[in-house]
Amino acid sequence: MPPTRWSAVARAGDRSLDAWVHDLEVLVRLYRPVLVRHLVSRFRMSPDRAEDTVQAFLVEKVLVQNVVRQATPQRGRFRSFILTVLDHFATSRLRAQGALKRRATERDAARLDDLHETPQGGASVSDAFDALWARQVLARALALMREECARTKERQILWDLLEARTLGPVLNNAAPLPYDELVTRFGLRSPAEASNLLVTAKRMFARTLRRVVRETVSEGREVESEIRELKRILSK
Amino acid sequence: MNTADRSTFDADHRQLSALFDVSADGGGQLWEDNELGAVLRHQLAVPIRADLRGLDPKLARRFDALAEPPDRAVESFGGLLIHPAPPVEWLKAVKDFAKTCRARPRGPIPHEIATVLYFACLAAALVRGGARITSLADGALVGGFRWVADQPWVDDANRALAEEALRFLGVQTGTRTV
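Read top to bottom, the protein sequences are chains A and B.
So the first sequence is numbered by my numbering: it starts at 1 and just counts up by one.
So the second sequence is numbered by my numbering: it starts at 1 and just counts up by one.
Okay, chain A solo, but in the shape it has when bound (with noise of 0.2 Å):
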């Protein structure tokens, strides 16, 4: 479970502790594919130069400058931490390159002025990261639900059962496998079976989902709040 809490930044900061190496890494799991993201979408980079980028990142400002020792709670959230140092980073690195006399278009040099200078272009830069991040909190959520269920066949079929019924529709558009078919598909006694076995499915991940925002705040009275504010971004 990737240790985001504050006190695991902390850890991940503090190179006098053994635990930093292991936290770091968690850390970096959770946060590198929004990271990449972000820049696909902000900065409109390949994915391949994006990833290249936050490899950069990640060495120099994160492993080498160690950043993350910086962050505390006063700071605000941890993500908009890391995000306005990744921007500074992929910025100047830009630069540096030379990328941006090429190759940027009127429209990509005014999106790169905006990031300091403009509150409202800031504002919305920082809304487009949140939204990429409610989608990772729930990626990671069901990345792990997967791999729960995926070690013994009886959770494999809650799996199963949340991918038809509930995640198809979601995230691919599909309609709904109707109750009979899923009786018939997974061998199951009774419609009323599968519906059981769905309710268990959806708890299962309920509780997943907050497993995975426990580890991204501070406390755990701010879970059910910061799961509010993901829905209230997704839903814009």
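Treat the hints as calculated values from the structure; they're not laboratory data.
Just so it is clear, the structure is predicted and the values come from calculations on it, not from any experiment.
Accuracy of the hints is not assured; some may be wrong.
With a cut-off of at most 20 Å between alpha-carbon atoms, the simulated DMTMM-like pairs for lysine to aspartate or glutamate come out as follows [what the hints assert, rightly or not]:
#1 K99/B to E224/A
#2 K95/B to D10/B
#3 K231/A to D21/B
#4 K58/B to D33/B
#5 K231/A to D10/B
#6 K58/B to D71/B
#7 K236/A to D21/B
#8 K236/A to E219/A
#9 K61/A to E25/A
#10 K236/A to E164/B
#11 K58/B to D12/B
#12 K61/A to D127/A
#13 K236/A to E215/A
#14 K99/B to D71/B
#15 K236/A to E226/A
#16 K95/B to E32/B
#17 K153/A to D127/A
#18 K231/A to D87/A
#19 K153/A to E163/A
#20 K231/A to D12/B
#21 K236/A to D138/B
Distance windows between CB atoms, simulated [stated by the list, open to error]:
#22 V26/A to G37/B: 45 to 51 Å
#23 K231/A to A103/B: 26 to 32 Å
#24 W147/B to Q70/A: 53 to 59 Å
#25 S235/A to R61/B: 48 to 54 Å
#26 G170/B to K231/A: 19 to 25 Å
Here are a few chain A residues that face chain B, going by a calculated C-beta distance under 7 Å [claimed, not checked]:
#27 R135
#28 L138
#29 G168
#30 A174
#31 A175
#32 L177
#33 Y179
#34 V183
#35 L188
#36 P191
#37 F205
#38 V223
#39 S225
#40 K231
Idealized CB from N, CA, C, for every residue including glycine.
Once you've looked at the hints, dock chain B against the given chain A.
Relative to chain A, chain B alone:
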């Protein structure tokens, strides 16, 4: 990055936001109307004895102690509920079965179906058995009968039974709540 991750990042954001609504109690609409109709039809055709025995040993013993039904038609849930003179003790047993199912998150039948069975038993006892087998006040009964009558997936016989019970309680019927 795997397919599910890609889907999470590519999916429509408003649809995706619904995943944050999946609550720890497994809530959210599990059944479509047509599915509830199919499950109710199935449930009404099932022998009462089999389901009551499977749910709870105490309920099973109580049911076994009941007198034999006046005719075999009563042996299914549907048969009992449409019978012109249903045995009240059987209605009580089925009512308790439905109540137990409603109270159990992982009961053998969907919550909505259990609710229909529950209020259908109360209605049948009231209008055909001449007995009140619940301590619910009239207001709660009216609310329950109205709910049954308003569900588009409820079969005609049980909707008619709920409306008859509403009239029995002095409530005007004929307009569906929307």
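Given pair status - D71/B, K99/B, alpha carbons within 20 Å: Roughly 25 Å separates the two Cα atoms, so the pair is violated.
Under the criterion that the straight-line Cα-Cα distance not exceed 20 Å, is the pair K95/B, D10/B satisfied? violated (48 Å)
When the least beta-carbon distance from V223/A to chain B is tested against 7 Å, hint result: violated (11 Å)
Closest C-beta approach of G168/A to chain B relative to 7 Å, hint status: Nearest chain B Cβ about 9 Å off; hint violated.
Next item in the hint list is A175/A. Is there a CB on chain B closer than 7 Å to its CB? A175/A check fails; min Cβ-Cβ to chain B is 10 Å, beyond 7 Å.
Restraint status (C-alpha distance of K231/A to D12/B at most 20 Å): holds (13 Å)
Sort out whether D138/B lies within 20 Å of K236/A, counting only the CA atoms. violated (44 Å)
If I claimed the Cβ atoms of K231/A and A103/B lie 26 to 32 Å apart, would that claim hold in this structure? Holds - the Cβ-Cβ distance for K231/A and A103/B, about 30 Å, lies within 26 to 32 Å.
20 Å limit on alpha-carbon distance, applied to hinted pair K236/A and E164/B: This hinted pair is violated, its Cα atoms lying about 47 Å apart.
When the nearest CB of chain B is found for L138/A, is that gap smaller than 7 Å? With a minimum Cβ separation of about 5 Å from chain B (threshold 7 Å), the hint on L138/A holds.
Go through the hint on L177/A and say holds or violated, using the shortest Cβ distance to chain B against 7 Å. violated (11 Å)
Using 7 Å as the Cβ threshold, decide whether R135/A counts as touching chain B. holds (5 Å)
When held up to the earlier numbered hints, the structure conflicts with 1, 2, 4, 6, 8, 10, 11, 12, 13, 14, 16, 17, 18, 21, 26, 29, 30, 31, 32, 34, 35, 38 and 39 and fits the remainder.
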